[in-house]
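Line by line, the protein sequences are chains A and B. Just so you know, the first sequence maps onto residues 1 to 428 in UniProt numbering. Just so you know, the second sequence maps onto residues 1 to 492 in UniProt numbering.
Wrong hints could be hidden among the right ones.
[Claimed, not checked] Subject to a maximum C-alpha distance of 25 Å in a straight line, what follows is the list of computed DMTMM-like cross-link-like pairs (lysine to aspartate or glutamate):
#1 B:Lys171 <-> B:Asp284
#2 B:Lys371 <-> B:Asp327
#3 A:Lys422 <-> A:Asp242
#4 A:Lys68 <-> A:Glu29
#5 A:Lys422 <-> A:Glu327
#6 B:Lys491 <-> A:Glu35
#7 A:Lys68 <-> B:Asp477
#8 A:Lys68 <-> B:Glu152
#9 B:Lys491 <-> A:Asp89
#10 B:Lys364 <-> B:Glu317
#11 B:Lys491 <-> A:Asp221
#12 B:Lys256 <-> A:Glu137
#13 B:Lys176 <-> B:Asp284
#14 A:Lys229 <-> A:Glu35
#15 A:Lys96 <-> B:Glu128
#16 B:Lys118 <-> B:Glu317
#17 B:Lys256 <-> B:Glu317
#18 A:Lys96 <-> B:Glu121
#19 B:Lys114 <-> A:Glu106
#20 B:Lys256 <-> A:Glu106
#21 A:Lys68 <-> B:Asp284
#22 B:Lys291 <-> B:Asp228
#23 B:Lys337 <-> B:Asp477
#24 B:Lys114 <-> A:Glu137
#25 A:Lys96 <-> B:Glu135
#26 B:Lys114 <-> A:Asp221
#27 A:Lys287 <-> A:Glu320
#28 B:Lys118 <-> A:Glu106
#29 B:Lys491 <-> A:Glu106
#30 B:Lys399 <-> B:Asp3
#31 A:Lys96 <-> B:Glu488
#32 A:Lys152 <-> B:Glu152
#33 B:Lys118 <-> A:Asp221
#34 B:Lys171 <-> B:Glu488
#35 B:Lys491 <-> A:Glu137
#36 B:Lys80 <-> B:Asp228
#37 A:Lys287 <-> A:Glu327
#38 A:Lys421 <-> A:Glu400
#39 B:Lys491 <-> A:Glu414
Hints listed in this document are in silico derivations from the structure and should not be mistaken for laboratory results. These numbers come from a predicted model, not from an experiment.
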Amino acid sequence: MGRSQEQGQGQGPIHSIRLSTVGAARPTETGTTHEPTGLDLAMKLHYLKAAYIYSPETARDLTVRHMKDSMFMLFDQIAWTTGRFSRRDSGRPYIKCNDSGTRFVEGQCNLTVEEWLSQPDRSVDEFLVYHQPIGPELAISPLIYVQLTRFKCGGLGLGLSWANIIGDSFSLFYAFNFWTKAITGETIHAPPPSRGDRRFQSPNPTVKDPVSVKQVDPVGDLWVTPNNKKMATYCFNLSVADQISPHFPVNGINSIPVFEIIAGIIWKCVAKVRAEPEPVTVTIIKKDPNDLKPNNAIRNSQVISSVQVDFPVAEATVEELVRSMGEAKDERFGIEEIGGSCDGNLDFVVYGAKLTFVDLSGEDLYEARVMGKSPDSVYCNVEGVGEEGLVVVYAAAKSEERGVTVTLPEGEMEMVKLEFKKCGLIAP
Amino acid sequence: MSDISSSVKLKYVKLGYQYLVNHFLTLLLIPFIATVAIELLRMGSQEIFTVLYSLHFEVLHILCSSFLIIFVSTVYFMSKPRTVYLVDYSCYKPPVTCRVPFSSFMEHSRLILKDNPKSVEFQMRILERSGLGEETCLPPAIHYLPPAPTMEAARNEAQMVIFTAMEDLFKKTGLKPKDIDILIVNCSLFSPTPSLSAMIINKYKLRSNIKSYNLSGMGCSAGLISVDVARDLLQVHPNSNAVIISTEIITPNYYKGNERAMLLPNCLFRMGGAAVLLSNRRSDRWRAKYKLCHLVRTHQGADDKAYYCVMEEEDKEGNVGINLSKDLMTIAGEALKANITTIGPLVLPASEQLLFLSSLIGRKIFNPKWKPYIPDFKQAFEHFCIHAGGRAVIDELQKSLQLSGEHVEASRMTLHRFGNTSSSSLWYELSYIEAQGRMKRSDRVWQIAFGSGFKCNSAVWKCIRTIKTPTDGPWSDCIERYPVFIPEVVKL
Numbered sequence: 001m002g003r004s005q006e007q008g009q010g011q012g013p014i015h016s017i018r019l020s021t022v023g024a025a026r027p028t029e030t031g032t033t034h035e036p037t038g039l040d041l042a043m044k045l046h047y048l049k050a051a052y053i054y055s056p057e058t059a060r061d062l063t064v065r066h067m068k069d070s071m072f073m074l075f076d077q078i079a080w081t082t083g084r085f086s087r088r089d090s091g092r093p094y095i096k097c098n099d100s101g102t103r104f105v106e107g108q109c110n111l112t113v114e115e116w117l118s119q120p121d122r123s124v125d126e127f128l129v130y131h132q133p134i135g136p137e138l139a140i141s142p143l144i145y146v147q148l149t150r151f152k153c154g155g156l157g158l159g160l161s162w163a164n165i166i167g168d169s170f171s172l173f174y175a176f177n178f179w180t181k182a183i184t185g186e187t188i189h190a191p192p193p194s195r196g197d198r199r200f201q202s203p204n205p206t207v208k209d210p211v212s213v214k215q216v217d218p219v220g221d222l223w224v225t226p227n228n229k230k231m232a233t234y235c236f237n238l239s240v241a242d243q244i245s246p247h248f249p250v251n252g253i254n255s256i257p258v259f260e261i262i263a264g265i266i267w268k269c270v271a272k273v274r275a276e277p278e279p280v281t282v283t284i285i286k287k288d289p290n291d292l293k294p295n296n297a298i299r300n301s302q303v304i305s306s307v308q309v310d311f312p313v314a315e316a317t318v319e320e321l322v323r324s325m326g327e328a329k330d331e332r333f334g335i336e337e338i339g340g341s342c343d344g345n346l347d348f349v350v351y352g353a354k355l356t357f358v359d360l361s362g363e364d365l366y367e368a369r370v371m372g373k374s375p376d377s378v379y380c381n382v383e384g385v386g387e388e389g390l391v392v393v394y395a396a397a398k399s400e401e402r403g404v405t406v407t408l409p410e411g412e413m414e415m416v417k418l419e420f421k422k423c424g425l426i427a428p
Numbered sequence: 001m002s003d004i005s006s007s008v009k010l011k012y013v014k015l016g017y018q019y020l021v022n023h024f025l026t027l028l029l030i031p032f033i034a035t036v037a038i039e040l041l042r043m044g045s046q047e048i049f050t051v052l053y054s055l056h057f058e059v060l061h062i063l064c065s066s067f068l069i070i071f072v073s074t075v076y077f078m079s080k081p082r083t084v085y086l087v088d089y090s091c092y093k094p095p096v097t098c099r100v101p102f103s104s105f106m107e108h109s110r111l112i113l114k115d116n117p118k119s120v121e122f123q124m125r126i127l128e129r130s131g132l133g134e135e136t137c138l139p140p141a142i143h144y145l146p147p148a149p150t151m152e153a154a155r156n157e158a159q160m161v162i163f164t165a166m167e168d169l170f171k172k173t174g175l176k177p178k179d180i181d182i183l184i185v186n187c188s189l190f191s192p193t194p195s196l197s198a199m200i201i202n203k204y205k206l207r208s209n210i211k212s213y214n215l216s217g218m219g220c221s222a223g224l225i226s227v228d229v230a231r232d233l234l235q236v237h238p239n240s241n242a243v244i245i246s247t248e249i250i251t252p253n254y255y256k257g258n259e260r261a262m263l264l265p266n267c268l269f270r271m272g273g274a275a276v277l278l279s280n281r282r283s284d285r286w287r288a289k290y291k292l293c294h295l296v297r298t299h300q301g302a303d304d305k306a307y308y309c310v311m312e313e314e315d316k317e318g319n320v321g322i323n324l325s326k327d328l329m330t331i332a333g334e335a336l337k338a339n340i341t342t343i344g345p346l347v348l349p350a351s352e353q354l355l356f357l358s359s360l361i362g363r364k365i366f367n368p369k370w371k372p373y374i375p376d377f378k379q380a381f382e383h384f385c386i387h388a389g390g391r392a393v394i395d396e397l398q399k400s401l402q403l404s405g406e407h408v409e410a411s412r413m414t415l416h417r418f419g420n421t422s423s424s425s426l427w428y429e430l431s432y433i434e435a436q437g438r439m440k441r442s443d444r445v446w447q448i449a450f451g452s453g454f455k456c457n458s459a460v461w462k463c464i465r466t467i468k469t470p471t472d473g474p475w476s477d478c479i480e481r482y483p484v485f486i487p488e489v490v491k492l
């Protein structure tokens with residue numbers, strides 16, 4: 001059972017929803033602004049989502065008041081994310097750092113954590129992440145939504161919906177970890193925010209016309225990806241030993257590139273479903289190995305690279321696909337140029353411009369400990385994906401497993417799932 | 001040049017006149033004492049004794065005279081009103097997590113009143129010109145969209161504000177809860193059963209024979225009404241102390257409709273509260289900060305216009321809110337005049353009273369067109385605490401009393417940092433003056449408060465020991481930033 005991506009309404013099994021606002025404790029100086037880079041602007045139609053579920057033993061005694069107070073400590077470090085977008089006379093969006101705050105959503109669920117986690121399609125976690133797009137009125141649209149869901153047993157679901165224009169997934173995880181430390185009451189030595197250049201180091205300054213970004217019809221002030229097809233999401237867990245290794249000749253179990261293999265397998269499955277034209281170009285998004293956080297911790301520094309093959313994918317072996325992924329070309333420079341061109345008045349899609357694979361598996365999501373305990377489950381996805389689809393691979397609770405969230409047009413999803421069953425990725 | 005020199009000359013003339021009139025009796029007495037002293041010195045001790053013996057004092061005469069003197073002095077001291085000392089006070093500092101920046105307030109306003117853009121526009125214009133800053137606070141229930149003003153939330157706010165202020169007061173003064181003799185709570189718009197005073201008695205396990213009072217519905221001037229009640233009670237009960245809690249609970253009173261005149265309080269009223277310890281014990285005289293000199297209450301309620309100008313009522317949709325009439329400033333001006341007329345003779349030096357009297361007589365007898373003489377209250381007081389009801393109130397009072405910017409600084413800065421905290425704002429202002437290190441021994445403070453009804457109450461305190469800085473209090477973490485420049489209009 002997949003779940004259609006909806007624009008934030010209908011929280012399904014979550015009821016008694018209450019909205020309030022949290023922000024930064026210290027006032028920001030009047031007139032402070034934050035300028036998005038070209039790369040930021042290219043990502044503006046996308047929203048990153050993460051849902052963390054904590055067991056009742058960990059979370060039973062945590063009050064809403066305490067959670068809100070801890071958020072204030074987080075936002076003191078990144079007060080600019082509590083601002084609102086506005087446009088310059090040229091139309092270029094920028095953030096007015098006016099301390100408007102972020103939306104804090106409280107909800108209740110009639111299931112226990114155990115019952116919730118027993119559902120095989122983990123995309124039910126979408127209900128734990130309240131989401132609204134930016135717009136149609138930029139001045140009153142928060143950039144971040146936080147949802148706190150109380151399960152019947154006392155467990156807690158913490159969902160974060162984060163506009164990609166302010167930072168990448170790695171920034172989101174950094175901010176969330178900061179929050180969990182504040183909740184736990186640890187003294188945090190936050191580095192002073194650096195006002196230096198927020199740009200990334202790119203080894204490929206000559207790439208023009210990046211293929212991983214696609215221009216879309218103008219969306220005006222409502223930042224929603226204009227898709228003709230309705231998208232659906234499906235999420236499952238993989239075991240590396242049982243489901244991944246058999247596809248790859250073993251050269252030493254520790255050195256297999258797990259993400260590339262998963263990407264390769266799924267690429268093949270999708271290619272088989274989409275007979276003509278096959279996706280011969282895909283986008284790979286990974287963490288920048290040269291990026292040293294935490295200075296300028298909240299920004300878009302993920303490596304966006306493009307892989308092109310000239311052979312039919314459906315018939316290729318996984319090894320060939322993995323090898324070609326090794327030759328991916330970093331296109332950030334080109335995207336930066338395009339995103340910033342025309343003063344940010346053009347609208348683009350990166351996730352789903354081509355079939356996109358996001359590698360979050362290097363991040364230890366289960367390090368987000370509250371009161372010393374890791375979450376029981378973590379879910380990651382992106383909202384506003386283009387029609388070519390998205391696959392997000394991230395760490396699961398057990399280190400030899402991975403979580404995979406797939407977003408594809410509704411019409412393709414069932415057939416792709418059939419292919420997954422054939423490959424042994426999911427149980428028949 | 002001649003303008004400057006003539007104004008300087010005028011200043012010296014004024015000074016000379018003031019010294020002459022205010023110290024008239026002293027000036028008369030000096031030549032008299034001088035004459036007597038010279039006579040005595042001239043006569044020499046032998047002659048003095050001769051004069052005394054010739055008066056033929058008998059033992060009976062001496063005894064009767066001494067008894068008379070002792071009797072008169074006893075009657076005098078017994079009938080003198082007990083001095084009421086303000087030992088110390090503490091103001092509630094809301095947590096930063098309750099902060100309401102302008103943009104957040106406006107965003108909530110736009111989301112809640114999305115069908116009434118004119119009302120949103122109105123609120124924005126009020127906020128821009130309000131004189132409030134970005135650090136004023138609203139209670140947690142009002143941060144919800146839409147606000148969630150349940151009775152439980154209102155009680156929580158009351159507990160948060162009152163208990164924090166009281167605990168701070170206990171710490172500052174070393175007061176033990178069981179030693180409280182009189183407890184007066186004033187909170188205008190939230191009056192649950194059991195009362196807030198009962199809530200305090202329950203929390204701190206106060207004595208069963210405590211004299212507790214709960215004043216509600218009396219508006220922003222209720223703080224001084226509480227002081228008046230405390231003063232009267234302290235005349236009747238010797239060797240007692242009184243704790244006054246002044247606060248306004250915002251949670252249940254957030255207006256949910258869209259009538260413009262009733263949206264105004266939403267923009268200005270903010271969380272706040274104060275706890276004050278008064279005493280009539282002689283032993284507290286050495287540690288008290290102030291003593292109460294005068295307290296004057298004037299009520300304009302007999303006049304219909306004054307009575308109806310601040311009215312709590314339902315709008316067309318049944319939402320309860322406070323309707324402020326357009327004549328508010330005029331009525332406030334008249335209430336102030338009535339109050340000044342009563343307090344003037346009590347506090348003004350003789351020079352000012354004489355000038356005022358002559359101007360009054362002159363206008364009545366000679367020429368009604370003469371400008372009325374406004375007494376210079378700056379000669380009677382060193383500090384002014386004007387209730388921070390709104391920027392317009394402070395501007396109006398500054399103009400009519402001819403006060404300088406520094407005199408109204410405490411009021412303006414309190415409005416900026418804490419908003420309109422209703423009856424407790426006077427205490428935040430006093431705390432500001434202390435935090436700035438301006439309060440010296442024998443300084444006199446005038447607290448003026450306006451309230452629905454329409455009332456104007458004022459209290460005069462005299463500082464009896466110099467307050468050392470740095471003080472602990474609501475201003476301790478931000479006083480270095482003050483005073484700030486508050487622009488006429490803040491662009492949102």
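Checked hints:
Between Lys171 of chain B and Asp284 of chain B, the direct Cα distance comes to roughly 16 Å. Compliance with the 25 Å bound is thereby established for this hinted pair. The straight-line distance between the Cα atoms of Lys371 of chain B and Asp327 of chain B is roughly 24 Å, inside the 25 Å bound, and the hint therefore holds. Taken as a hint, the Lys422 of chain A and Asp242 of chain A pair is honoured in the structure, with Cα atoms around 14 Å apart against an allowance of 25 Å. Our distance criterion of 25 Å between C-alpha atoms is met by Lys68 of chain A and Glu29 of chain A, whose separation comes to about 23 Å.
Between Lys422 of chain A and Glu327 of chain A the CA atoms are separated by roughly 28 Å; this puts the pair beyond 25 Å, and the hint is violated. With a C-alpha separation of about 21 Å, the suggested pair Lys491 of chain B and Glu35 of chain A falls inside the 25 Å cut-off, and the hint holds. Only pairs whose Cα atoms come within 25 Å are accepted, and Lys68 of chain A paired with Asp477 of chain B is accepted, the gap being roughly 23 Å. A C-alpha spacing of about 19 Å is found between Lys68 of chain A and Glu152 of chain B, which places the hinted pair at or below 25 Å, so the restraint holds.
The suggested pairing of Lys491 of chain B with Asp89 of chain A holds, with an alpha-carbon distance near 18 Å, which does not exceed 25 Å. For the hint pairing Lys364 of chain B with Glu317 of chain B, the CA-to-CA distance comes to about 52 Å; that exceeds 25 Å, so the pair is violated. A threshold of 25 Å between alpha carbons decides the hint, and for Lys491 of chain B with Asp221 of chain A the separation of about 23 Å falls inside it, so the pair holds. In summary, the hint linking Lys256 of chain B to Glu137 of chain A is supported, as the alpha carbons are separated by about 23 Å, within the 25 Å threshold.
Proximity of Lys176 of chain B to Asp284 of chain B is assessed by CA-CA distance (about 14 Å); at most 25 Å being required, the pair is judged to hold. Of the supplied pair hints, the one linking Lys229 of chain A and Glu35 of chain A is violated, its CA atoms being roughly 33 Å apart against a limit of 25 Å. Distance restraint check for Lys96 of chain A and Glu128 of chain B: the Cα-Cα separation of roughly 17 Å lies within the 25 Å cut-off, and the hinted pair is therefore satisfied. Among the hinted pairs, Lys118 of chain B with Glu317 of chain B is consistent with the structure: their alpha-carbon atoms are about 17 Å apart, no more than 25 Å.
Taking the CA atoms of Lys256 of chain B and Glu317 of chain B, the gap is about 10 Å. The hint holds against a cut of 25 Å. Pair hint Lys96 of chain A plus Glu121 of chain B holds up; C-alpha atoms about 20 Å apart against a cutoff of 25 Å. For the hint pairing Lys114 of chain B with Glu106 of chain A, the CA-to-CA distance comes to about 22 Å; that is within 25 Å, so the pair holds. With a C-alpha separation of about 22 Å, the suggested pairing of Lys256 of chain B with Glu106 of chain A holds against the 25 Å cut-off.
Among the hinted pairs, Lys68 of chain A with Asp284 of chain B is inconsistent with the structure: their alpha-carbon atoms are about 43 Å apart, more than 25 Å. A distance of roughly 13 Å separates the Cα atoms of Lys291 of chain B and Asp228 of chain B; the hinted pair therefore holds under the 25 Å criterion. Taking the CA atoms of Lys337 of chain B and Asp477 of chain B, the gap is near 38 Å; set against the 25 Å cutoff, the hint is violated. Pair hint Lys114 of chain B plus Glu137 of chain A holds up; C-alpha atoms about 12 Å apart against a cutoff of 25 Å.
As the CA atoms of Lys96 of chain A and Glu135 of chain B are separated by approximately 18 Å, the hinted pair is consistent with the 25 Å bound. Between Lys114 of chain B and Asp221 of chain A the alpha-carbon distance is near 18 Å, which keeps this suggested pair within the 25 Å criterion. A threshold of 25 Å between alpha carbons decides the hint, and for Lys287 of chain A with Glu320 of chain A the separation of about 23 Å falls inside it, so the pair holds. The straight-line distance between the Cα atoms of Lys118 of chain B and Glu106 of chain A is roughly 31 Å, outside the 25 Å bound, and the hint therefore fails.
Proposed proximity of Lys491 of chain B and Glu106 of chain A is contradicted: the alpha carbons are some 33 Å apart, above 25 Å. The hinted pair formed by Lys399 of chain B and Asp3 of chain B meets the criterion: a straight-line CA distance of about 24 Å does not exceed 25 Å. About 22 Å separates the Cα atoms of Lys96 of chain A and Glu488 of chain B, which keeps this hinted pair within 25 Å; it holds. In summary, the hint linking Lys152 of chain A to Glu152 of chain B is supported, as the alpha carbons are separated by about 23 Å, within the 25 Å threshold.
For the hint pairing Lys118 of chain B with Asp221 of chain A, the CA-to-CA distance comes to about 23 Å; that is within 25 Å, so the pair holds. Of the pairs offered as hints, the one joining Lys171 of chain B and Glu488 of chain B is violated, with about 40 Å between alpha carbons and a cut-off of 25 Å exceeded. The suggested pairing of Lys491 of chain B with Glu137 of chain A holds, with an alpha-carbon distance near 19 Å, which does not exceed 25 Å. With a C-alpha separation of about 17 Å, the suggested pair Lys80 of chain B and Asp228 of chain B falls inside the 25 Å cut-off, and the hint holds.
With a CA separation close to 16 Å, the supplied pair Lys287 of chain A and Glu327 of chain A stays within the 25 Å bound. A C-alpha spacing of about 20 Å is found between Lys421 of chain A and Glu400 of chain A, which places the hinted pair at or below 25 Å, so the restraint holds. For the given pair, Lys491 of chain B sits about 54 Å from Glu414 of chain A by alpha-carbon distance, which is inconsistent with the 25 Å threshold.
Violated hints, in rising order: 5, 10, 14, 21, 23, 28, 29, 34 and 39; the structure is consistent with all others.
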